[in-house]
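S.K.: Take the given structure of chain C and dock chain P to it, following the hints.
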Amino acid sequence: MSALLDGFGTVLSPEYLLFAAIGVTLGTFVGVLPGIGPALTIALLLPVTFSLNDPIGTFIMFAGIYYGAMYGGSTTSILLNTPGESASVATAIEGYQMARRGRAKAALATAAIGSFVAGTVSTLLLSVFAPPVARLATTFRAADYFALALLAMVAVTALVGRSLVRGLLSMIFGLWLGLVGIDGLTGQARFTFGTMELLEGIDVVVVIVGLFAIGETLFVASRLRALPEHVTPLDPGAHKAGWMTRDDWRRSWAPWLRGTAFGFPFGALPSGGADVPTFLSYTYEKHRSKNREQFGKGAIEGVAGPEAANNAAFSGVLVPLLTLGIPTSATAAVMLAAFQIFNLQPGPQLFDRAPELVWALIASLYVGNVLLLVLNLPLIRLWVKVLQIPRPILYAGILVLATLGVYASTGSVNQVFIAYGIGVVGLGMRHFDFPIAPVILGLILGPMMELQFRRALVLSNGDVSVFFTRPLTVFLLALIVVALLVPYLPRFVARLRGRPADAERLSFAEED
Amino acid sequence: MPIRTEPGRRPQPQTVLAAALLLVGFLLLWSALTADGDFGLRGPRLAPVVVTSAWVAAAAVLLVQQLRPSKESATPKHPSSPDNSETPELFGREGEEGAGAGAGAGGAGAGTATTGGAGAATATTGGVGAGSTAAPLGVLAALAGFAIALEYAGFVVSAALFTVVTARMLGSRHLVRDVIVAIVLPVVVYLAFTRLLDIFLPAGVFPL
Chain C
1 MSALLDGFGT VLSPEYLLFA AIGVTLGTFV GVLPGIGPAL TIALLLPVTF SLNDPIGTFI
61 MFAGIYYGAM YGGSTTSILL NTPGESASVA TAIEGYQMAR RGRAKAALAT AAIGSFVAGT
121 VSTLLLSVFA PPVARLATTF RAADYFALAL LAMVAVTALV GRSLVRGLLS MIFGLWLGLV
181 GIDGLTGQAR FTFGTMELLE GIDVVVVIVG LFAIGETLFV ASRLRALPEH VTPLDPGAHK
241 AGWMTRDDWR RSWAPWLRGT AFGFPFGALP SGGADVPTFL SYTYEKHRSK NREQFGKGAI
301 EGVAGPEAAN NAAFSGVLVP LLTLGIPTSA TAAVMLAAFQ IFNLQPGPQL FDRAPELVWA
361 LIASLYVGNV LLLVLNLPLI RLWVKVLQIP RPILYAGILV LATLGVYAST GSVNQVFIAY
421 GIGVVGLGMR HFDFPIAPVI LGLILGPMME LQFRRALVLS NGDVSVFFTR PLTVFLLALI
481 VVALLVPYLP RFVARLRGRP ADAERLSFAE ED
Chain P
1 MPIRTEPGRR PQPQTVLAAA LLLVGFLLLW SALTADGDFG LRGPRLAPVV VTSAWVAAAA
61 VLLVQQLRPS KESATPKHPS SPDNSETPEL FGREGEEGAG AGAGAGGAGA GTATTGGAGA
121 ATATTGGVGA GSTAAPLGVL AALAGFAIAL EYAGFVVSAA LFTVVTARML GSRHLVRDVI
181 VAIVLPVVVY LAFTRLLDIF LPAGVFPL
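Protein chains in written order, with UniProt numbering: chain C, 1 to 512; chain P, 1 to 208.
Check the hints yourself; a few may be wrong.
Said to hold, decoys possible - To list a few chain C residues with every Cβ distance to chain P over 10 Å, as calculated:
#, residue
1, F29
2, L125
3, S127
4, A134
5, T186
6, Q188
7, E197
8, I341
9, Q388
10, A396
11, R454
12, T469
13, F475
14, L496
15, R497
Unchecked claim - Cβ pair distances, simulated, as ranges:
#, chain 1, residue 1, chain 2, residue 2, range
16, P, L197, C, V133, 32 to 38 Å
17, C, L199, P, L197, 24 to 30 Å
18, C, V133, P, F26, 25 to 31 Å
19, P, Y152, C, V474, 56 to 62 Å
20, C, G421, P, L175, 29 to 35 Å
21, P, V50, C, I22, 41 to 47 Å
22, P, G40, C, E197, 28 to 34 Å
Honestly, the hints are just simulated from the structure, not real lab data. Built from N, CA and C at the ideal position, the CB exists for glycine as well.
For reference, chain C alone in the conformation it holds in the complex (with noise of 0.2 Å):
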């Protein structure tokens, strides 16, 4: 409790409240452009962060960008009908709905008043887990990092996308990415194909940024005249809609607090970060509600459920991160990333190396809560503004800012090449329907993987039995087991009851 104090001590400083809200205004009015998350912000503003000597600055902008991306795209949902990212998909629905029914300032409330409650809340949770957490961590051997390693991998792969094999690929392709250049244990070369440039490897920011938003501007270039232009106003002229009504507030606490609820603890599992959650949360309101009838017209409780969901899941993405080293979403391999750029490794370590950066870290996020909502509620005229920058211009921008991105983090034209290359394979992948969060597990995750494993192997002597006589090391690998079969599960519990298999594989959006 104290280190969390000590936390505010260095955050309440006015140097880092500052980065605290650039962090918040620059992820607000990146988030707010249409096609752009919270990963790709993050990817592009990482080499700014090359020359910012300061890590504690750093994440707290980075955690101010992530909210505010977050924030941003319900923004963008609301009044445009298109979801940054899948985990805005649900306020896209109902959120727009209720902006075409000159409802739009108590949609962007909710969704922003929700956000802070769950973003409180879950900080509350991330502050209160993560340091027994992260004392279990430190117990971690070489094997368990392995397993752990695989089954957040799986875990991911296997509830992200709407096709098992299709995820797979993706995260196979990750791997391979991985793999490319310098073995680190034996200095082998490996599928470099007798090229200079791939023995240093393939960057986690190139392939990020080519993916992203390469991959994603080609894609929209491909069907940008199909795009929605057309900004729902904030206030339709006939009657003058204030934010929420009391009857709002009475409908939207409850599902701020259950979004909340399933936010926090699937943000924490390795399920692929917001996406579950936010899914899970609009199908209970939607069955819960006495107002079912609203929904997919603009029933409010289908914004304020899925908003705190999407939020709360963040925090609860910290625990793993900070505690584990093991990112559960695409966003967080970027931070697990951008932690490497520091020579900081999250993990157990990290608690005792850099309690002053863990706590001000999470200190920070109370006060980006706080932020975001003091400067976005009565900023959303600006936002809205943001909403309207031509789309050509934008796209260009975003090509530009991402090479511009590439160059100035590997000062090369080679690696700006193969973020391209790796660009036209996003477009491919988007347009082929192939999930893109795994690859980016896979390049992270897979190298971590390969070096426990070999390390748990050579504490062995090459005895395989290391994976088997542990039983954490056993009861994370059946763990796997486990994730690979639950999304079957609807199938299977609807033909135990005897009802035809209509039921579909459980399966969600991919991306944050």
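M.R.: Relative to chain C, chain P alone:
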């Protein structure tokens, strides 16, 4: 959302893709197997073989799924999406993706309306008609030019040219506005990166 697969006119792009993935997988597996080095459990050659074998296996499964109708392609639907007849625009994106995934050429729903002659699609680009492949290809060419020019002409000049050209290709009709943005934005970015953040960017012919 209507299911857009008709088993009768099974489309080829997805199948071709699956076959291509399988072929690439075999090539990579071959390259992993023929590399020299230690194939032992602790050696550097095990992971490449495992990963590329998994690639081959997954691609083979995908190919089988594609050749067998109605299983894989019938499912691209959001599990908890509500009755989305109310929200056609939202699912337009997915409709189009789904068109690529499920029906490929001749994709139904929102896909066809926007991509035009989807039926004329080539095998490599799936359900995209001629009109819509041009834009990404043009943008790619512009990107390549940008990257090559970066170190010679400098960031500001190449970024400005790239922005104008790309904005035009993406359908902008306001040349004056584009040119103003294309000059102001790179200059601001250049100054911010080099002066405030100390990040090196090639100055090229830009006199600063």
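S.K.: Please confirm whether T469/C is truly not at the interface, meaning its C-beta sits more than 10 Å away from all C-beta atoms of chain P.
M.R.: Its Cβ never comes within 10 Å of chain P, the nearest being 16 Å, so this holds.
S.K.: Taking the closest pair, is the beta carbon of R454/C still more than 10 Å from chain P?
M.R.: violated (5 Å)
S.K.: Holds or violated: the 25 to 31 Å window for the beta-carbon distance between V133/C and F26/P?
M.R.: Cβ of V133/C to Cβ of F26/P: about 43 Å, so the range 25 to 31 Å is violated.
S.K.: According to the definition I'm using, a residue is off the interface if its beta carbon is farther than 10 Å from all beta carbons of the partner; does F475/C meet that for chain P?
M.R.: The assertion about F475/C holds, with a minimum of 23 Å to chain P.
S.K.: Kindly confirm whether 24 to 30 Å is satisfied by the beta carbon distance between L199/C and L197/P.
M.R.: The hinted range 24 to 30 Å holds for L199/C and L197/P, with Cβ atoms some 29 Å apart.
S.K.: Confirm or reject the statement that L496/C sits farther than 10 Å, beta carbon to beta carbon, from all of chain P.
M.R.: With a cut-off of 10 Å, L496/C remains clear of chain P, as the shortest Cβ separation is near 19 Å.
S.K.: Any Cβ of chain P at or closer than 10 Å to T186/C, or is the non-interface label fine?
M.R.: Since the minimum Cβ distance to chain P is about 5 Å, T186/C lies within 10 Å and the statement is violated.
S.K.: Would you assess whether S127/C, listed as outside the interface, keeps its beta-carbon beyond 10 Å of every beta-carbon in chain P?
M.R.: holds (31 Å)
S.K.: Would you check whether the claim that Q188/C is not at the interface survives, using Cβ distances to chain P and the 10 Å cut-off?
M.R.: Given that some Cβ of chain P is not farther than 10 Å from that of Q188/C, nearest at about 4 Å, it is violated.
S.K.: Just checking, F29/C versus chain P, shortest CB gap more than 10 Å?
M.R.: holds (14 Å)
S.K.: Using the Cβ atoms, figure out if V50/P sits within 41 to 47 Å of I22/C.
M.R.: For I22/C against V50/P, whose Cβ atoms are near 44 Å apart, the range 41 to 47 Å holds.
S.K.: Starting from the range 29 to 35 Å, see whether the pair G421/C and L175/P falls in it by beta-carbon distance.
M.R.: holds (31 Å)
The structure shown violates the earlier hints numbered 5, 6, 10, 11, 18.
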